[in-house]
Amino acid sequence: AKSPAESEGAAKPEGQTEATEAKERPQRRQGNSGQGRPRRRRRRRGRRRRKPRGQSQHHYSEEELKAQLPDDPEQLEAESRPLGILEVLGSGSGFVRRRESGYTPGNDDIYVGSRIIQRFGLRTGDELVGIVGRSARPGKSPPLAHLARVNDHPAEEATRRPDFQQLSAVHPDDQLVLECGREFLGQPEYTNRVIDLICPMGKGQRAMIVAPAKAGKTMVLQAVAEGIVKNNPECHLLILLVDERPEEVTEMEQCGFGEVIASTFDRPAERHCQVAEITLERARRRVEQGEDVVIILDSITRMARAYNSVKSGSGRTLSGGLDSNSLEKPKRFLGSARKIAPTQGGGSLTIIATALVDTGSRMDQVIFEEFKGTGNSELVLSRELADRRIYPAIDIPASATRKEELLLDADALWLSHAMRRQLSGSGSADGMQELLGAMRKTSSNRDLIDWARNQ
Numbered sequence: 017a018k019s020p021a022e023s024e025g026a027a028k029p030e031g032q033t034e035a036t037e038a039k040e041r042p043q044r045r046q047g048n049s050g051q052g053r054p055r056r057r058r059r060r061r062g063r064r065r066r067k068p069r070g071q072s073q074h075h076y077s078e079e080e081l082k083a084q085l086p087d088d089p090e091q092l093e094a095e096s097r098p099l100g101i102l103e104v105l106g107s108g109s110g111f112v113r114r115r116e117s118g119y120t121p122g123n124d125d126i127y128v129g130s131r132i133i134q135r136f137g138l139r140t141g142d143e144l145v146g147i148v149g150r151s152a153r154p155g156k157s158p159p160l161a162h163l164a165r166v167n168d169h170p171a172e173e174a175t176r177r178p179d180f181q182q183l184s185a186v187h188p189d190d191q192l193v194l195e196c197g198r199e200f201l202g203q204p205e206y207t208n209r210v211i212d213l214i215c216p217m218g219k220g221q222r223a224m225i226v227a228p229a230k231a232g233k234t235m236v237l238q239a240v241a242e243g244i245v246k247n248n249p250e251c252h253l254l255i256l257l258v259d260e261r262p263e264e265v266t267e268m269e270q271c272g273f274g275e276v277i278a279s280t281f282d283r284p285a286e287r288h289c290q291v292a293e294i295t296l297e298r299a300r301r302r303v304e305q306g307e308d309v310v311i312i313l314d315s316i317t318r319m320a321r322a323y324n325s326v327k328s329g330s331g332r333t334l335s336g337g338l339d340s341n342s343l344e345k346p347k348r349f350l351g352s353a354r355k356i357a358p359t360q361g362g363g364s365l366t367i368i369a370t371a372l373v374d375t376g377s378r379m380d381q382v383i384f385e386e387f388k389g390t391g392n393s394e395l396v397l398s399r400e401l402a403d404r405r406i407y408p409a410i411d412i413p414a415s416a417t418r419k420e421e422l423l424l425d426a427d428a429l430w431l432s433h434a435m436r437r438q439l440s441g442s443g444s445a446d447g448m449q450e451l452l453g454a455m456r457k458t459s460s461n462r463d464l465i466d467w468a469r470n471q
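In our numbering, each residue carries its 1-based index in the sequence shown increased by 16.
Hints were generated in silico from the structure; no laboratory data involved.
No residue lacks a Cβ here, since even glycine has one placed at the ideal position from N, Cα and C.
Keep in mind that the hints are not guaranteed to be accurate.
FRET-style restraints, in silico, Cβ to Cβ [claimed, not checked]:
hint, residue 1, residue 2, range
1, F281, D463, 36 to 46 Å
2, Q203, K246, 12 to 22 Å
3, P284, N341, 47 to 57 Å
4, S440, Q270, 36 to 46 Å
All chains should be modelled from the sequences, with the hints used to inform the complete structure.
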């Protein structure tokens, strides 16, 4: 019997060596520098991500921008116009979003180079006034050629403003008086008078309106907005409607109170989140310059639902299908409400947000419980009063404001405590009817105090 080695050697043709055998093997493909065929380039997996239209970036030089501007400084100021709200991207450059498009990306957005952003210390939410240059070629976003003002202040002052997170917060001590003689269908409307006594709100308040379905939430928001505009013209009012019905957005716009920023329920959740974030940043930039801003949010519940939809799962899910990390940014939104210490320039950010309850959704209940206790003022609406057509449908015993003694004077505080003691024994409906009966006898809360002292 032959061994395996002898059998293998016998199978080879006569005279064949290892060298000739190696020549007959197929040559491996070599690169362009070696012999043989060039290596084929591997195809990239997936398609290349194309930039959306209107967001293409072109690095304009200072010479290109200056060539498009007039030499006269007075003409520069005359040609400057309001542009919109800046959104800074991760690359360092940014785009100016327009109010007409709801501050969302569009084809006509203005490109702001990173050099301008670094030079003036611009941040997301800044309101810019300047001159727009010509785009380099069709399809490119037009550049910002000249920056004149930032948030109604000279552009050079933007570099000296503080950071919002570094400002100290204090308890609100300046009341936002809402009583304004409001009428509804030709009759006096007492919502603001009740709020001023039972649940007063001040500059820098973090207030929540707890509202079941069909309890008159929209009427309360409209009354509060009217009181702020008429009695506090120094406050910049923003009304943010998230995931609301289009007809309610139109109704709020027709009221003419403040600026309405909306993202209706037929829009994707990503748009809800983007509109909410740019609105918050816009308010923060105003507060950094010592101004008073009021945001009326409807509602914090639907905002949290939107963030829960777009947030990547953390692996921990709360009751009702709510991700544990989805409330991080809604809490940041509500937690931004504060009054800045006078030693740091003053200013305040007031947020009045609605929270939906008794909707039949376990998620909505969990969201409310997470935010309950984070505010320093809580106005509770009653479905029982609304069913009996008693408006405002405010649950007096359940509504209160922390540190109300800092907002009310001695007479108003005495009346508030006296009413609570007197109405505590009766039901919420009887108590509200008794309070409304006393208000019908007087024309203002000051007259009500005088009337109550004489009883």
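Status of each hint after checking the structure:
no., hint, in the structure
1, F281 - D463: 36 to 46 Å, "holds (43 Å)"
2, Q203 - K246: 12 to 22 Å, "holds (18 Å)"
3, P284 - N341: 47 to 57 Å, "violated (20 Å)"
4, S440 - Q270: 36 to 46 Å, "holds (40 Å)"
In this structure, only the earlier hint numbered 3 is contradicted, and the remaining ones agree with it.
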